[in-house]
Structures are given as C-alpha cells and as structure tokens.
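Just need the whole structure built from these sequences, with the hints factored in.
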Amino acid sequence: MKQICILLTKYSDWISSLVYYIGGQGYTHSSIALGDQPTQFYSFNYRGFAVETTEKHRRRGVRCSRLYCLNVSDTVYERIEERIRYFLENRENYRYTRLGVLCCVLRLPLYWKNHYFCSQFVAELLSESKALRLSRKPCFYLPNHFIRLLETQPCLAGMEQDII
Numbered sequence: 001m002k003q004i005c006i007l008l009t010k011y012s013d014w015i016s017s018l019v020y021y022i023g024g025q026g027y028t029h030s031s032i033a034l035g036d037q038p039t040q041f042y043s044f045n046y047r048g049f050a051v052e053t054t055e056k057h058r059r060r061g062v063r064c065s066r067l068y069c070l071n072v073s074d075t076v077y078e079r080i081e082e083r084i085r086y087f088l089e090n091r092e093n094y095r096y097t098r099l100g101v102l103c104c105v106l107r108l109p110l111y112w113k114n115h116y117f118c119s120q121f122v123a124e125l126l127s128e129s130k131a132l133r134l135s136r137k138p139c140f141y142l143p144n145h146f147i148r149l150l151e152t153q154p155c156l157a158g159m160e161q162d163i164i
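The opening position of the sequence shown corresponds to residue 1 in our numbering, with each subsequent residue numbered one higher.
Do not rely on the hints blindly, as some may be mistaken.
As the list claims (entries may be wrong) - Label-pair restraints from in silico Cβ distances:
| # | residue 1 | residue 2 | range |
| --- | --- | --- | --- |
| 1 | Ser-73 | Met-159 | 33 to 43 angstroms |
| 2 | Asp-74 | Thr-39 | 31 to 41 angstroms |
| 3 | Arg-91 | Pro-154 | 28 to 38 angstroms |
What the hints assert, rightly or not - 27 angstroms max Cα-Cα, derived DSS-like pairs, lysine-lysine:
| # | residue 1 | residue 2 |
| --- | --- | --- |
| 4 | Lys-130 | Lys-113 |
| 5 | Lys-2 | Lys-137 |
| 6 | Lys-2 | Lys-56 |
| 7 | Lys-113 | Lys-137 |
No lab work stands behind these hints, which were simulated from the structure alone.
The structure presented is a predicted model; accordingly, all values stated were derived computationally and were not measured.
We put the beta carbon where it would ideally sit given N, CA and C, even for glycine.
Right, dumping it as structure tokens:
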C-alpha cells in the first residue's frame, strides 16, 4: 500500500473568488501529490500544468487548506505517477481553461483537448487510475465537491486542517 494526497486550498484572486461563491464557498483550488509526506503537488492554474509546493501556496497568500491522504494499491499509485510524469514531460501542450470552470458551474460538459482546470485534473487522475469511483464526470468537479467524496472513503488514511 502507498499513499496519495489531495490538497484543497483557498486563494483570493478573482477567478477563485468566483469559484468560492458559486462552488459552495470553502476551497477554490485542488491539487494531488504522491506519498504520505508530500513536498510537491500537481495541478492546473492560469499558467497551465503546475508543480506546487506548500511554500509557493504561502507566498500566494493561502491561509486555509485541508489535506486528505488516501491509501491506494501499488498499481493505482503507479498509474497516477505515470500520468503525472506524462504531464510533466508534455507540459507545454496543456492549458488552463476558465471556460471549463464556467461550464462546470453551469453543468455543461466540456471536453476540450489538453485543457484542464484544477479539480477536473485531480478528478480525472482519481477516476482513470481507479483510486476512487466518482459519481459524476471529472469535468463536473469543483474543489469543494471532494470533501464529501473523500471523507466517506474507506481508504482515507487521514486528514489535516490548515497545513499551509
């Protein structure tokens, strides 16, 4: 057994403020990490595919965060690791989509090749790797949607509040 971690954070830029009010308040950004003591998180932001650290979040003014750690099989872990490696090697081909966030809020499915928003990326990794069974398509997940999903999982190894 290995662990993956999902980090939920709250930013204060304009798109995050929109997600905050429309998405049920709470968290506005999500990212995923490998291992039980993560130092790097992977996600999408306005610059595209991003490698993030807790220090980077602090510098950007994050004060509210929640970290969920999940026990996963070696196979699931390797699938996620392989997919992240692919994104790292091809990061110039991927873009962030604000339109995807808007469509998510409006419940309109949008699959735009090589375009992601943060929670769509995390949901897709969880679904494709078979780490979790999702109740909706990845394009319909906002950061707050992960709370109920993750807290009800038998594979939940732990949760930490305000690690940033």
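Here is how each hint holds up against the structure:
Remark: the range hint 33 to 43 angstroms for Ser-73 to Met-159 is contradicted by a beta-carbon distance near 20 angstroms. One distance hint, 31 to 41 angstroms for the beta-carbon pair Asp-74 and Thr-39, is violated here, with the actual separation near 21 angstroms. Range check, Arg-91 to Pro-154: about 34 angstroms between beta-carbon atoms, so the 28 to 38 angstroms window is met. A distance of roughly 21 angstroms separates the Cα atoms of Lys-130 and Lys-113; the hinted pair therefore holds under the 27 angstroms criterion.
Between the alpha carbons of Lys-2 and Lys-137 the distance comes to roughly 25 angstroms, so the proposed pair stays at or under 27 angstroms and holds. Between Lys-2 and Lys-56, the direct Cα distance comes to roughly 25 angstroms. Compliance with the 27 angstroms bound is thereby established for this hinted pair. With a CA separation close to 15 angstroms, the supplied pair Lys-113 and Lys-137 stays within the 27 angstroms bound.
The structure does not agree with the numbered hints 1 and 2 stated previously, though it agrees with the rest.
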